[in-house]
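Kindly generate the complete structure, drawing on both the sequences and the hints.
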Amino acid sequence: MKGIGSRVTIGFLSIVVLLFASGVISLFELGNLSNDTETILSTSRRNLELAKDMLSCAHEHSQATIHIALFDDESQRDVCRRAMSDLEGKLAAARNEALDASRLDSLSVSVTRLREVSESYLFTPTLLTTDTLVVSKPIAINDSFAASGKKWYNEQYKVVYDDMVDQIQSFMTHIHSSLAPRAEQLNKNAYRSVAPVLISLVVMIAIVLMFYYFIRVYCVNPIVRTNQALSDFLTYRLPFNVKADLRDEFKELADNIEKLIGISRLKNS
Amino acid sequence: MRASVILRYVGSVMLCVSAFMLVSAVISYINNIDSGFYPLLLSALLTLTLGAFPMLFVPRATSISNKEGFSIVVGSWVLASVVGMFPYLIWGGEFTLINAWFESVSGFTATGATILNDIEQLPQGLLFYRTSTNWIGGVGVVMFALVILPSLGTSRMSLSNVELSSLARDNYRYRTQVIVRILLVVYVGLTVVTTLALKAAGVRWFDALNHAMSACATAGFSTKNASIAFYDNAIVEMILAGAMLISSIHFGLIYATFLGKKNNIFRSEVVRTYIVIVVISTLFIATSLYGADIFPTVWESLRYSFFQVVSLFTSTGYATADTNLWPPFAIVILIFVSIICACAGSTSGGIKIDRALIFCKILWARIRRQQHPNAVIRIRVDGVAQDSDLLNSVVVFIVAYLALIFMATFTNTLFGQDIMTAFTSSVACLGNVGPGFGEVGSMGNYAEIPAILKLQDSFLMLMGRLEIFGFIQLFFLKWWK
Chain A
1 MKGIGSRVTI GFLSIVVLLF ASGVISLFEL GNLSNDTETI LSTSRRNLEL AKDMLSCAHE
61 HSQATIHIAL FDDESQRDVC RRAMSDLEGK LAAARNEALD ASRLDSLSVS VTRLREVSES
121 YLFTPTLLTT DTLVVSKPIA INDSFAASGK KWYNEQYKVV YDDMVDQIQS FMTHIHSSLA
181 PRAEQLNKNA YRSVAPVLIS LVVMIAIVLM FYYFIRVYCV NPIVRTNQAL SDFLTYRLPF
241 NVKADLRDEF KELADNIEKL IGISRLKNS
Chain B
1 MRASVILRYV GSVMLCVSAF MLVSAVISYI NNIDSGFYPL LLSALLTLTL GAFPMLFVPR
61 ATSISNKEGF SIVVGSWVLA SVVGMFPYLI WGGEFTLINA WFESVSGFTA TGATILNDIE
121 QLPQGLLFYR TSTNWIGGVG VVMFALVILP SLGTSRMSLS NVELSSLARD NYRYRTQVIV
181 RILLVVYVGL TVVTTLALKA AGVRWFDALN HAMSACATAG FSTKNASIAF YDNAIVEMIL
241 AGAMLISSIH FGLIYATFLG KKNNIFRSEV VRTYIVIVVI STLFIATSLY GADIFPTVWE
301 SLRYSFFQVV SLFTSTGYAT ADTNLWPPFA IVILIFVSII CACAGSTSGG IKIDRALIFC
361 KILWARIRRQ QHPNAVIRIR VDGVAQDSDL LNSVVVFIVA YLALIFMATF TNTLFGQDIM
421 TAFTSSVACL GNVGPGFGEV GSMGNYAEIP AILKLQDSFL MLMGRLEIFG FIQLFFLKWW
481 K
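If you're matching them up, the sequences are chains A and B in order.
Be aware that the first sequence starts at 1, since it is given in the working numbering, and climbs by one per residue.
Be aware that the second sequence starts at 1, since it is given in the working numbering, and climbs by one per residue.
Be a bit skeptical, because a hint or two may be false.
Okay, the calculated bits of chain A under chain B, using three or more residues with CB under 8 Å as the criterion [what the hints assert, rightly or not]:
#1 22-36
#2 77-87
#3 111-117
#4 213-220
Using 35 Å as the maximum straight-line C-alpha spacing, the simulated DSBU-like pairs for lysine-lysine come out as follows [as the list claims (entries may be wrong)]:
#5 Lys-199(B) with Lys-224(B)
#6 Lys-52(A) with Lys-151(A)
#7 Lys-251(A) with Lys-267(A)
#8 Lys-361(B) with Lys-262(B)
#9 Lys-67(B) with Lys-243(A)
#10 Lys-251(A) with Lys-67(B)
Just so you know, the hints here were simulated from the structure itself, not pulled from any lab data.
Glycine included, every Cβ here is placed at the ideal spot set by N, Cα and C.
Listed below in structure tokens is the structure:
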């Protein structure tokens, strides 16, 4: 490496490049952190919405089932089918978006059981041909129909329904509890995005201190010593002798001063 | 003392460390840019800048003094450990500031003690970097400095005064450039041969290379949580034991043996003593293991006792069994070999068998002198009479070594460690062995010990690597004048 100018330039440039690189890596890690945070929050929000929708569908299905089973309300059959279809749709969506789909297995089983239980009672011909029932009769007319429906609802439907609601609530709880390890992971990622800058700063401080030391030893001292030698020559007519290990431009400067002194001596003589 | 000259040559060692960081980053890149890539890349850049900066300004020194040589070696080790923390710190995980420092010092001093509970969670690039610190440390940062510094004239030897003990230096009959070539040929050659042998034994390439590097450095970092016990393979164990044994013998003697010279390992009294102790220790421990029903057959008792004796005697620290469960007799022998360790002029730590042999001879001479007060008794090693300065330095070193162990044990117990953990962790760290007994046993680690003790242990590792006095001198102001 020749020339003090290029050394100083390279010194400064290396500091700039290093700061830039650590900044870029920190930005990259921050970007990752931001994406991770956004993904976790949006997944969590979406799962909560799906769980809430599933509960609404389940509630709607339950209401419709009561109307059919107890009051033989034909208009609720479509509502019942639609609610079940919506419930299954939401479940499928939740399975697609879940990180661990196996956690929804038990809920899927509950929903399937609910469908089977409700369809076996509400949508099969046996209901219509039961000898004690006349399907089209108003509820007040046929008390045994209502009693049978109530019994079925309490003993079969409600057991499966409650289990499914429990599963949905468990899913909601899981969404919350799964945030803890993810938050911990985020914390680590946050550390990773800050660490490069912190370490680079420490290294920069070390480099700046070294830079100061080298500039002082290899730039400032030669100038001071050369100046001292020149002053001694001018003041006391001492021989021009720089007491330092000179290199590069400083050596050239000292040599040129010596030549100048030589020329002036020649002129004087 | 010229600080700028010291900075320049320490800087050249930083460049070597940065080159290994870059290689590790390339491994991370090949491994689908795993999580170790950016920490390694940035660390390589930071270390490169730190190392190259003094070279920009400081010219090559035509000569360096003995003091400067000492300072370069010690400074290289300490600063390599400091910059060696960067990849760990940036990566995070289990690496706090203290843990990263401990792991880095343990790597560069070829100790092989770890604070990691789950080594296998590290990305491959970082695993390779971790082992490469062992490899660099094994042969000594000094050797790299000697390779990089081709024009230091007669003062070259002063660089190796610290790293190679005075006994080892006396054994060398070559110029420094030849020493460098010997170290390179033996070290690189042995690593390559061990890697190929491990691969042939069924270990995958990455693990074979890592274990070969670590074994040849007699360091002990493994890529597996269960260390060598993971493989449960007698052939793998024998290959590694062979590599450890060879690496723990004076490199100059190995080289001379290969060249068919007269001064070879078969004629060396030190090597003979070393091998005899290995054999006797193995037999004693195997007998005690078989007698205590730890292993059902004689062959298994021999297999496990041989590997553990070689592992601890060479200051490597690999494990194939939980030695905490072994009988007290076996544990005492293992602690004894952890204190002594292998030959000078090798990659192992500890007191070294050379000094132990001379110490025994001094004791024997003392007894004989009691019987024959007027006798002139010379102490000889390999037929060469040793001068009194060397004999004094051996005794002083051993006393200082044992004193340090007891002081460290005292501090460890002060912070609540049980006596076994306190004593053996001091022995293991000062001797650059790695695992001890108790909490820091062969299947344990240093994760749970208090932070202040991790700091103490890391300083013990540095002192052990730099033969105690080389490190201590830096803390005296007069030294710097």
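Consistency of the hints with the structure:
1. 22-36: holds (count 4)
2. 77-87: violated (count 0)
3. 111-117: violated (count 0)
4. 213-220: holds (count 4)
5. Lys-199(B) with Lys-224(B): Measuring from Cα to Cα gives roughly 16 Å; hence the hint holds.
6. Lys-52(A) with Lys-151(A): holds (29 Å)
7. Lys-251(A) with Lys-267(A): holds (24 Å)
8. Lys-361(B) with Lys-262(B): holds (24 Å)
9. Lys-67(B) with Lys-243(A): holds (24 Å)
10. Lys-251(A) with Lys-67(B): The given pair, whose Cα atoms are some 29 Å apart, holds under the 35 Å limit.
Checked against the numbered hints above, the structure breaks hints 2 and 3 and satisfies the rest.
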